[in-house]
Amino acid sequence: MRPLKDAQLGAFTFFASALPHDVCGSNGLPLTPNSIKILGRFQILKTVTHPRLCQYVDISRGKHERLIVVAEHFESSLSDFQKQGIKASSEKVLQVAYELLEGLDFMNKHGMVHRALSAHNVLMDCKGNVKLAKFGLYHMTDHGADVDFPIGYPSYLAPEVIAQGSFHPSDSSHDEAPLPSGPKTDVWSLGVLLFELCAGRRLLQNIEISERLKFILTLGCMDDIVTVLAEEHGCLDAIKELPENVLELLRKCLTFLPSKRPTPAELLGDPIFNGVSCLYTPFKKPVSLFSSSLRCAHLELPEDISDLCKDDDEDYLSERAINEVYHLWCLAGGDLEKELTNKGIIQSKPPICTLANFVLEDGESFGQRRDRSFLLDDTTVTLSLCQLGNRLRDVAGEAYYPLLEDEQSSLPQSNSSNELSTTVKLPLIIRERDTEYQLIRIILFDRLLKAYPYKKNLVWKEARVDIPPLVRGLVWAALLGIEGDIQAKYESTDKDTPIPTDRQIEVDIPRCHQYDELLSSPQGHIKFRRVLKAWVVSHPDLVYWQGLDSLCAPFLYLNFNNEALAYACMSAFIPKYLYNFFLKDNSHVIQEYLTVFSQMIAFHDPELSNHLNEIGFIPDLYAIPWFLTMFTHVFPLHKIFHLWDTLLLGNSSFPFCIGVAILQQLRDRLLANGFNECILLFSDLPEIDIERCVRESINLFCWTPKSATYRQHAQPPKAAGDNGFGKAASYYTSDYQDMPKTDLSRDPLALCDLKAEVSPRISAEDLIDLCELSLSGPGKRTRAGKPKIVAVDIRNLEDFNRGHISGSINIPFSTAFGPNSELVQCPATGVLQSYRGRVIVIISHAITNAIMFAAHLVKVNFPRVCFLDGGINKLKPTGLLTVPSPMI
Amino acid sequence: MPSCATMKKNKGKASSTNEKEFVFEFRAGQHNCVLKVPLQFPVQEIINDLHGRLMLLHKIPCYIETDLKSSLSSFVEKETILDYDREAELALQRLTAGDVDINQLTNAWTRSYVETTLEHARPEEPSWDEDFADVYHELIHSPASDTLLNLEHNYFVSISELISERDMELKKLQERQASEMDKVMHELGNTLSDHDVNAVASQHFDAQQVLENKWASEQKQVTGIQKHEYQQWVISLHQDLQKSNSSQITEEIKVQPSQLLEVADPGARMFEEQPQLEESFTIHLGAQLKTMHNLRLVRADVLDFCKHRQHSSAGAKLRRLQTALSLYSSSLCGLVLLVDNRVNSYSGIKREFATVAKECTDFHFPFLEAQLDEVQQVLLYARAQRSSKQKEQPEIPRNGGDDKNKNVERNPSNILPGEFYISRHSNLSEVHAVFHLCVDDNVRSGNITARDPAIMGLRNILKVCCTHDVTTVTVPLLLVHDMSEEMTIPWCLKRAELVFKCVKGFMMEMASWDGGISRTVQFLVPKSISEEMFYQLSNMLPQIFRVSSTLTLTSKH
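Top line first, the protein sequences correspond to chains A and B.
Quick note on the numbering used here: the first sequence kicks off at 1 and runs consecutively.
Quick note on the numbering used here: the second sequence kicks off at 1001 and runs consecutively.
Here chain B stands alone, though its shape is the one from the complex (with noise of 0.2 Å):
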């Protein structure tokens, strides 16, 4: 009574797989049996499960059970063997054929091996910002960081100064023309023509531009010598403190006063017409395990993350620890900048912030011209890389590719909706890095979707804060950051709901990249929106969001 029974498996890959049979020959009472059994190779299955399935399915009397378990294993491994042999000998009959090169076969081993592992791989060249990176980090985290947070000060009051005093002279330049404009304004039909007042108006202009150009490279140069003059210090320092040992610093710098600030602009620079409304909320995410994580809600100007105070005034030293403490550490501040499709800081909000970038030197990234200009060029390579890729696999339908594909071949130098650079920083005052999301009109449309190139570069965005250990982030809640007055109460509302949910989606992913790490997110509402409005939308967070339950202390009855 021979049997036979066939066990197809879809597994593993179709070219590699092939069918055996197995025979098995035994003696029941008078009969002679013998079972049959296709067997897909490579086995996958776990012989004894295989075994135990085969004496159930044919009904195989017990006193065989060893004998079949077996010869199934020695059969597996035999045929197993053979398989390696004819695949290992099919590999070096292609290389003496010449079907593979060996050549190309060596220089890619030697390329995994020197790119991958440090036993090969190219001694580092010694990086000049690393070791200076090391060496800031031990001594901010020293009794030295007052002394190096002073002395940053002093750098940035000088700079202070030297920009007031450039606004000065702009102001005087600025009336003297408008006091000469006057003039020719009156003169105007009389001795002047529109040609003469045109010419005037010119001239201003190109005598402003040269005031202005001068006090730029001006400013250009002294910061360019702050930073030099600084990191030599700091490495010096460093060096001190080694030799002798000791955490005494010697020489203490005090902070420089300067009363030219205080008196200058108290208003424009320093401070907000309206106070900053804010609200914290610390929420929980998951389904069984839940990872907690701190929101809040700010209603302030997007720059005030950014700008540089005092240290006079009240905990704006502190926060310049805490930024300058966390700049070289994995908890990493960033903030993101909504910009349109330019990399460069000519205009609007990215002229702001390059504004706000200047004013206090850099003392450990490139300026940002300089950081902007890397950007360019990795954006061009990144393009060229896309485009011959796409000429590779031309097959591969991407969403609206067509239209993309356009705007990308008019200016490969211009960024998308949804793309974004990043750029680093440590002279601002609570961001260390920022993200420049680009963003389109679309955005003040009352209709954009999750889908939305805006909302996917948030995610991005959030990833790559998974990656580089942001573990702060302020996001425009509503993706704008100047109100406008199309943007109504329900626009503002049905923005909110969105970005709160896709965020909420997106912070759940989140956990799966890093497992959960504790995070801050900011959501910042422009500072023109109503108190109301304020109110209205961090009543809509709890509810979208699973806000934790207070923590009850009374004790039980």
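So that you can see chain A by itself, here it is in the shape it has in the complex (with noise of 0.2 Å):
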């Protein structure tokens, strides 16, 4: 978005009319609050930028079917020169056409509408420049059919405008609502307007609207309609005086037949422009961060590069974009309600004075007295930024333009930068709601956003602290290495034609986290079946699966406006995170899945996992929708962001932790109850505290020894170098599956074996790193954040001495456990107990004897136990086994 600059922000509020009672939609749901429609109609509108117009920020609903508009805003309109009677020169007249034009032949390239032009809607900001303003109105409004007013001012609208008729929801002889404007609609208005200018003084003021509306449509019988309007409004001469290109104007606006009258397009192409046309240079969308063009391609910089840094008046919050400093305005405590309130603009009466006296049985009710407070008043208000501004007159200015280059200082220096490395350890919420951390945070991410791919690592690094909710969507996408031309990708994906998935997506759609306003709105449906079409698409191999819905809503969310990129976020994420579990038959995958969580149950929550075995309460009951929807299904969008802030920085393993932590956060109920008792508490999830699932999900990660998670079925490892830019792979963010597979590596078991097992198995080569052997010798530098291992040996004494790896302990099979299966007492295995906590590596000869040695450790509650896949003939060929030095 474009940055603030000299404009302010402002808000206006209508209503939304009421649906009728009790009626429901063709599926059987109830219908959609009008307000909602509006809402999601309203999103496009944000992405409308144009210099002529003014850009929208932001929509929000109040209560009963209140929609606040914020958009930018100058104090200043056309209706200035109404109020001081100035007639403007004809040379102001030609530029404010031309610069109306450029705006409205904008809009209709979006395939929107004004409808509404006025002297009060065309603003002006400081240099006099036109900017239109409430031009999406129409637009978002369905043509006015949400709403009870009529769109546009009595003495503006068009002949076929009044012709074609208005709809009033309290009249039943009209069932329709009337067509749609089309552009040239505005263009009368717009003749109109310019009228008033040069005449100085407004049309049809102080009429009846009815007599001023008959009034325009007996024009039509007019053959010189500015003359007959000069002389109706006594101001021949000042209309004859005009120069002959203005005159022409004025007479090609206002053209009464629709079909003679030009649209902007060509009028902005006329000839009577020529004088005026070379003052404008055409409007060139900026190129968006994925595309296929360069985004430096028309960068000049100035020959003096010190004109770049002109300090004017050191505003350099006016430089952030609208969207940013309205965001931030909010989180400075701003409150649409009561700004509009104050202004008089809201007026509500008590609710107790406006009850109905009867209600009949199907909800009609009757006795209800005509509310005034709601009625139009479409005044804009200016939303203050001083509150915002004193928030922030700590905030140096170098803030605003923080150094991407040191890589070790993330935080900009600043004289409040002590205050802020104390809020980074803040919880999360809290931050989210610190109005000059979010400025800092959002700044440094915008930098580094335009820096992508090239700062890429820095994306990562930074989105480790965290990552702040303006700027989710784009970040996420940076996260996935999204990358190139994914619009024209995505526009060369058909998904129009029909397909057999669509039944279910129509389905599924109105039931996917229809509590969001955006999401229920019918613009978000339309959306959702379009990228979801997409997908299943470009996917021939996999298919649509209930949950895919789901799935795709986080990412819809944050990109409402961009398709494009939330098919891309969508189709990086899958083979990601949930490789092949679209398969048409996925069972062997999810089934695997499941295993190895469950064997991560045990591994962390050996008492749970008991417990859980004990009772029969195994994962595939419950944890397919968590892990085939990525918990999408189970947890509203709010909760769904922090969620993956963490889990896109994790590898595939991860959701595994995310699993574990919800069951232990749930795990005092669990432990206390049966089956039917748990199947009950899961069939509707109770409130998750997603904070702490988050952190203690990140612990048990730590504690997860790499190759314990390994799956046969997971996504085979990525071609090399196609890391572009490199990511540095640190320990957590690498998958085990992207490592280079060696004779060390853990092999694939068969499911059926697989399930036997209650403990991980971990490879030779993970044993050897969280052991730190290795035979360059122990020189190698402690990486903080390992898990603290133990092995233990479980071969008989003999051989054990004959040779094993370093700081093992032994503990021969035979001897550990007694006939009940308790851990028999002696020197072997208190040694254990004292390292209870550990992970406990089991090293055997057999494999079978590891896995029941685990299954009895498992069974008497050790945590964190797993056993060396392939036993100690891993080991033989690595040399890394010594023999102890005999006791003398």
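Source of the hints: derived by calculation from the structure; they are not laboratory data.
One or more of the hints may lead you astray.
Think about it this way: if two alpha-carbon atoms lie no more than 30 Å apart in a straight line, the pair counts; the simulated DSS-like pairs of lysine-lysine are [to be verified]:
1) A:Lys284 / B:Lys1069
2) A:Lys349 / B:Lys1069
3) B:Lys1463 / A:Lys338
4) B:Lys1069 / A:Lys489
5) B:Lys1078 / A:Lys284
6) B:Lys1501 / A:Lys489
7) B:Lys1020 / A:Lys260
8) A:Lys109 / B:Lys1036
9) A:Lys349 / B:Lys1227
10) A:Lys109 / B:Lys1059
11) A:Lys576 / A:Lys461
Here chain A is said to cover these stretches of chain B; the calculated rule only asks that three of the stretch's residues, wherever they fall, bring their Cβ under 8 Å from a Cβ of chain A [stated by the list, open to error]:
12) 1319–1329
13) 1450–1460
No residue lacks a Cβ here, since even glycine has one placed at the ideal position from N, Cα and C.
Hints are included, so try docking the two chains, each in its own frame, into the full complex.
Here's what the structure looks like:
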């Protein structure tokens, strides 16, 4: 979005019309409230950016179908001319006309019509350039069908608009809404507007509305409408004095028959403007982040670089994008309803005074007095930025332009940096509401994203701290490594031709995260359908499984105006975390996944695992929707965002840890209950503290040896060298599958064998890495954050003495457990007890012994038990086995 | 090689769509190719997608891509403008041809503007009620609130004294009459005949009526005076405060002690014999996003929520203050009262309610009788509206419509099961709005379903709660106010389950009406049910609603 510059933020409000009581949609579901329809349609307006149009910023729903729209705003408008009674010079008229037409033409190219053109909706910025306001009202209200009030102002209505009739909800004789108006209706309004400018007075003032409209309609019989209007308003002289090109312009605009009236585009190219058009350069849309063309292609640096840093007034905030400023305004305590109430625009009556007297069985109420506060007052109120300014007073100028080169200091140095470094330690919820912190973070990410993919590493690094909600959509795309011309790819995917999956998609969408305003709007449904179909069509080897809709929801929500990006993110996410989950026959993938999951439960929480196995509450019963939708089916969107902020940083085994963390949060209730209660509990998952869940799953993840979550059906290693800008592969982010495969890696295992094992296996590599054994000696730097480990050799003493890995303890299998599978008290088991809490790696000769030994340990609630894949034999070729010096 | 594809679209209104053919010619090597695509207007699709699909479908070489795109979009643009022009001129022609009446047309426009926009709306006539509401709301949220409450209470006390005086006199009269009657009965058969006894009885009745009427009119007069005085006083206090611009209130109004009342009848009006049982729950509704609500199961008399109590009793003044504070706020309290099909206050619970409502002067809203009169008027208007609408569209079938229509035709001033009227009160202890829901004897039977009018009425009540910010509503759980013999334990359990489940459904629906505002729903059970029954019901509630887990404060070991 454009920088705020000298603009203000303005807000206006209106009511969507109420739905008829008790009517169902054709699918049997309740009708969507009109305010939600408007909210959905509004979104696209945020992307309509043009220098002649007031940028739309946000829309919010209030109580009782109230909508509040926030947009760029300016205090002065064309009606100032009228108030002062000044006739505008003909140059000014031509300039205003040309700029207005530029705006209208741009809107028309986006399929929009203004319809509400009037003097007070044509704003002027400080340089006197035209800015069209409320240009989206006609579009967002579905041509006025979703609101009670007519769109447009009586004096400015084009004759055909009047003739097509007004649609009034209480009027039952009109069943159908009038037909939508075309771009030419705005040209008529423009004509009236320009006439007023030339005449220096308002047209058809002080006449009753119906007389006004009749007058406009009778103009059809006149030959020269401009003269008639001038005579009627006693300004014939003023009009006669106008230069010929202005008169010509007026005549062209005020052409009665639409077919003879030019469109804005035609007028713009008219020779009338020959003297004006050369002053304007056509508007070019800035290149988006993901496109085939170079973003810097048209960058021209001035000769003298210092021209760029001319400090005018040092108001750095106004250099930020409008939506950023608005976001910060909200964080700094801005309240739209309060602002509008203070200005008297929102006037509400106490509800007790407006109660109906009598309500019929079908819900129709009677005796409710007409509430004046529901009438339209579309005055725009300027939102004061004072409070925000005060809040950000202490932010130094440098903070607005952080240097990215220095990778050491992530936070810019300012006198408040101390404060910021303490903020980082606060809970995420608080950080997200901290104005100053968010400002710094947004600026930082904004710059990093502008340098994407070059600064990909830094994006990863900063995302580990947190992701500001305002830029989450793009940051996620960066984390998922989206690159290239996604728009072209998306457009070339056929999203319209019917496919067999359509029916299922149609059923699922109205049931997917519908509490959310965006996703429940008709626009949301259309976009949902298109993105899902695009995915299904472009992945012929995979199929649509229920749950894909939930998976799509967060991406669509974050990139509502960019379906292509939503599609690209989803397409990148699925192979990374849900490889082959959407195969037509996905049972082997899911079964393996769930088995590894239950091994993870046993690994991290043996007590819970024992209990759940005892009552037969296996992951198959509850965890499939968790993993198939990556938890999007079970959590509301705001929780998914926080969960995925971390998930996207981890590798494909991170979901296991989230699963275990959820179970642990419900641990007490699970342990106390039997099968039926557990099923009931999970049928509607209780509230989960998501921040705690994230924290604990990170902790669990750190304790899990990488190879423990090995799956043979995981995504095969990617071809080397595709990491263009090579993100530093850290221990946590790289997948086990991505590592080069060696002899010491884990071997695939048949599913039935895997299922028989309570504890996970780990690879010899992992053991070597974690025990810090290596041939090059112990000089390797110790990495912090690695799990503490103890190796337990369960071969008999003889074998042990012949060679073992250093640091391992020997507990011969035959001696460790008593008849009731309790741990026998002996010095060796005592040592084992003292290592309780560490990762215990069991090393054996025969793998069955290791499996049984591990199972026994889990039975007696030993956490973090795993065993070496392939047993001691795997280690023999490495030469790492040592023989203790004989005791003397 | 001409290629042609049909893409039928069923979108849009059939009447206003038409098909046009897009023709595009291009050269591929030696061949001249023609692409013909029939398109439905108005075009619903995004042009870029359409273009992408055409490229894919007809395997169009990529060097044509930009040409095709620009020619396609200019074709669509041009044709759309033509369509607009055609429709617009059709409308203008209809007008000149006289198919549409110009006066009707412009009047419809005028009405639209006048009824929906502030700019063109008729100026508002000043409303005394709303001005008073503003003044009161301001005062009650100022230090003057205590004074206001004390004043209200003093008025209440004087009404109470009046009532107890009335009761005393009535009691005396009844005693005198009883002794007279005794005498008469004694003489029955001797000097006096049955006829004489009847005469005396009717004479007694008349005397009682006269006395009651006298007191009623007296009470009405007093309350009228009180209301007038009170409103004047509030307005002048407000003016004084504005003038002096200080929050100091010079004249304090002390609570007028009233020994009379406390001695007069401590049991009958003020206390309940059985202790009120109450249990509260916090629930979460919704699949992914959960909204929190409070539920309460209460065993009490329905009028306990209305009865005014002495300030001396614990918490009564606080409760009164709470109700007064929220009167003009957006968190109102409502109560569902089950009534029969007549809009009056002559019998049963309606009469009892009216008595309670009169115990204290309503300083804000019209008296109950006046409100009921208004409801009657509105009811007749609604019936007239309905019947005229039904005549217009007779084909719409309505479930059980015949039966209902007959009832309505018989007596249009009666209301039907499932319908309700609303009265507003400022003088009840914990309630601002009362929903008088009409039920018939059907609710006493054991087999009502979720489609029962009474249940639908509950749904509509909850809907009104949403639209008018009633955040606390009290619902009779068993849909009866008094227990009778046929209401066995299984009957109670079945009924409670039905109402719980339906209310749960409605509350989930409410989330889409109001965006999930936290509410309190109180389920009321009659006083006469046993304690065991109460606990059985309170066990049932958490099984039906999802009760949120208790917060564990113990740290992890």
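Right, here's what the structure says about each hint:
1. A:Lys284 / B:Lys1069: holds, 18 Å
2. A:Lys349 / B:Lys1069: violated, 54 Å
3. B:Lys1463 / A:Lys338: Answer holds: Lys1463 of chain B to Lys338 of chain A is near 26 Å, not above 30 Å.
4. B:Lys1069 / A:Lys489: Distance ~15 Å between Lys1069 of chain B and Lys489 of chain A Cα, so the pair holds.
5. B:Lys1078 / A:Lys284: holds, 23 Å
6. B:Lys1501 / A:Lys489: Between Lys1501 of chain B and Lys489 of chain A the Cα gap is close to 49 Å, so the pair fails against 30 Å, i.e. violated.
7. B:Lys1020 / A:Lys260: This hinted pair holds, its Cα atoms lying about 22 Å apart.
8. A:Lys109 / B:Lys1036: holds, 24 Å
9. A:Lys349 / B:Lys1227: Cα-Cα ~22 Å, so holds.
10. A:Lys109 / B:Lys1059: holds, 28 Å
11. A:Lys576 / A:Lys461: holds, 20 Å
12. 1319–1329: holds (count 3)
13. 1450–1460: holds (count 5)
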